[in-house]
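Student: Please construct the entire structure, taking both the sequences and the accompanying hints into account.
For what it's worth, my numbering labels the leading residue of the sequence shown as 705, then goes sequentially.
In short, the hints are calculated from the structure, not lab data. One thing to keep in mind: the hints can contain errors.
Stated by the list, open to error - Computed beta-carbon distance windows for the label pairs: (1) Arg814 x Arg925: 35 to 45 Å; (2) Ser834 x Arg895: 11 to 21 Å; (3) Glu886 x Asn811: 41 to 51 Å; (4) Pro818 x Cys890: 35 to 45 Å; (5) Ala867 x Cys890: 15 to 25 Å; (6) Glu903 x Pro735: 15 to 25 Å; (7) Asp780 x Gln856: 12 to 22 Å; (8) Asp727 x Pro894: 16 to 26 Å; (9) Gln743 x Glu842: 35 to 45 Å; (10) His719 x Ala867: 33 to 43 Å.
Here a beta-carbon is modelled for each residue, glycine too, at the ideal position from N, C-alpha and C.
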Amino acid sequence: MIIKVCGMRDAQNIHDVLQSGVDWIGLDFRPESGRYVSQIPSCAGIIPDYSSLSSLSQHNLSGREKKALLCGVFADDMPQNIVTRVVNFGLDIVQLNGDENEVMIDNLRRTLDPDIHAGIRIMKRIAAGSRKDIEQCERFAGVVDYFLFDLQDGAGDWALLEAYRGNAPFLVGGNIRTEEAEKIRCFSHPRFYGIDLNEPFETAPGLKDTTLLEDFLKKMR
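Tutor: The structure is reproduced here in structure tokens:
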């Protein structure tokens, strides 16, 4: 199961979270967000020889190499802005949270892959409050690599995810909390790929509580 920790922007905090063994780090590039990343955080004195945020995704954990992917979050942004962030931050995944349509997404991929970032992955966020919301993702079949189903009521009704019949893997988000670990472990779907963690694991906007996160990960395992 992929563990994505989103809404991060502090280099030291990112480094600490990576020690927990998470798989994806999410950077929020929406200007209206309280977790907005406007520039590459300085890594000076945190990890030797690392000069950019993208370098934080490659580090050594207890003698084994761990590669965490960087995911950039956008919403109805100009394609050129997304391309610039992909280049400057070394993004591996582009997450689209707005009203982006299939044509825009296809054009964005063609712009990025292969000339700018070969194999770039694109994830579309779907606000999931009903089965109808889940079914709307059919129009993105073959266009995106992943879906993020954002359950609208926090804990939400995971049963509605059974309505998904697509082939693209999906992550589940929506203010997932520590106490939901057992529910997540029991959830079964052939395309269930991982979870998205954010606000409930924060001490302040953009700063994650590593102790709380590690406790959750232990319960998940």
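Student: Taking 11 to 21 Å as the hint, is the beta-carbon distance of Ser834 and Arg895 inside that range?
Tutor: holds (19 Å)
Student: Holds or violated: 15 to 25 Å for the Cβ distance of Glu903 and Pro735?
Tutor: holds (18 Å)
Student: When you take the CB atoms of Ala867 and Cys890, is the distance between them in 15 to 25 Å?
Tutor: holds (18 Å)
Student: Can you let me know if the beta-carbon spacing of Asp727 and Pro894 is within 16 to 26 Å?
Tutor: holds (19 Å)
Student: Do the beta carbons of His719 and Ala867 sit within 33 to 43 Å of each other?
Tutor: Given range 33 to 43 Å: holds, Cβ gap about 39 Å.
Student: State, for the Cβ atoms of Pro818 and Cys890, whether the hinted interval 35 to 45 Å holds or is violated.
Tutor: holds (40 Å)
Student: Is the gap between the beta carbons of Glu886 and Asn811 within 41 to 51 Å?
Tutor: holds (42 Å)
Student: Does the beta carbon distance between Asp780 and Gln856 stay inside 12 to 22 Å, or does it fall outside?
Tutor: holds (19 Å)
Student: Look at the Cβ atoms of Gln743 and Glu842 and judge whether their distance stays inside 35 to 45 Å.
Tutor: Holds - the Cβ-Cβ distance for Gln743 and Glu842, about 38 Å, lies within 35 to 45 Å.
Student: Is 35 to 45 Å a correct range for the gap between the Cβ atoms of Arg814 and Arg925?
Tutor: holds (39 Å)
Against the hints set out earlier in the document, no violation occurs for any number.
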